[in-house]
Amino acid sequence: GAVVSQHPSWVICKSGTSVKIECRSLDFQATTMFWYRQFPKQSLMLMATSNEGSKATYEQGVEKDKFLINHASLTLSTLTVTSAHPEDSSFYICSAVNRDKRYEQYFGPGTRLTVT
Amino acid sequence: GENVEQHPSTLSVQEGDSAVIKCTYSDSASNYFPWYKQELGKRPQLIIDIRSNVGEKKDQRIAVTLNKTAKHFSLHITETQPEDSAVYFCAATDSWGKLQFGAGTQVVVTP
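Residue numbers (my numbering), protein chains in the order written: chain A, 1 to 116; chain B, 1001 to 1111.
Do not take every clue at face value.
[Stated by the list, open to error] As a list, the in silico SDA-like pairs of lysine to any residue whose alpha-carbon atoms are at most 25 angstroms apart:
hint, chain 1, residue 1, chain 2, residue 2
1, A, Lys101, B, Tyr1032
2, A, Lys101, B, Pro1111
3, B, Lys1098, A, Ser5
4, B, Lys1037, A, Gln38
5, B, Lys1098, A, His7
[Claimed, not checked] Computed far set for chain A versus chain B, every beta-carbon distance over 12 angstroms:
hint, residue
6, Lys41
7, Lys55
8, Ser73
Just so you know, the hints here were simulated from the structure itself, not pulled from any lab data.
Note that the structure is predicted; figures quoted are calculated from it, not measured.
Just so it is clear, CB atoms sit at the ideal spot from N, CA and C, and this is done for glycine as well.
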């Protein structure tokens, strides 16, 4: 149980284009999902908290107009990187909180984004 | 907000020896402390966690201890094996229930 999928697993895009990343909880309902960014050899940095049916809350320094988050259902959250630039190249990982196990977060496999 | 510090940043151990990673946190309201193992290019995997009402927890070769008074918690891996080589992250929940991660420890187990 507690499987989280992410799609795509990797993507290459050109500067100025937008990329959408999906995060799904496959066998449980997640009222809350988190989006992280991880640069090489660094820790996970929380970008935003995605709550089903409400607006996402963003961490300080994260541009909400650049990183659009939608949590349309209890099993799906999407992150759209708009007008991507090379400095947005990173490993993006989502996690989902099982609403029946309040603290435990389960991570998706991550999406490797490369902006050329 | 919560601040989690993790030491050491790298740890080399001989196969069969023990490995210890230590973390401190700042928010006294934190009450959940998970440890994750991350292999290169893969997702973090939860390996053990502890809640603030427990001082120690063990799962086979892995154990975690928590000292709430001192605000520190540690991961202990005994009888290390080459497959234990990975980056390990500690984390603590802040008062909003969000996880704050430590900087990570690269563990290398040499045969």
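The hints, checked one at a time:
Among the hinted pairs, lysine 101 (chain A) with tyrosine 1032 (chain B) is consistent with the structure: their alpha-carbon atoms are about 12 angstroms apart, no more than 25 angstroms. Among the hinted pairs, lysine 101 (chain A) with proline 1111 (chain B) is inconsistent with the structure: their alpha-carbon atoms are about 38 angstroms apart, more than 25 angstroms. A hinted pair counts as satisfied when its Cα atoms are at most 25 angstroms apart, and lysine 1098 (chain B) with serine 5 (chain A) qualifies at roughly 20 angstroms. Annotation: proposed proximity of lysine 1037 (chain B) to glutamine 38 (chain A) holds, straight-line Cα distance about 14 angstroms (limit 25 angstroms).
Distance restraint check for lysine 1098 (chain B) and histidine 7 (chain A): the Cα-Cα separation of roughly 23 angstroms lies within the 25 angstroms cut-off, and the hinted pair is therefore satisfied. For lysine 41 (chain A), the non-interface assignment is contradicted: its Cβ lies about 8 angstroms from the closest Cβ of chain B, within the 12 angstroms cut-off. Under the 12 angstroms C-beta cut-off, the non-interface status given to lysine 55 (chain A) relative to chain B holds; the minimum distance is some 15 angstroms. Listed as a non-interface residue, serine 73 (chain A) keeps its Cβ farther than 12 angstroms from every Cβ of chain B; the least gap is roughly 21 angstroms.
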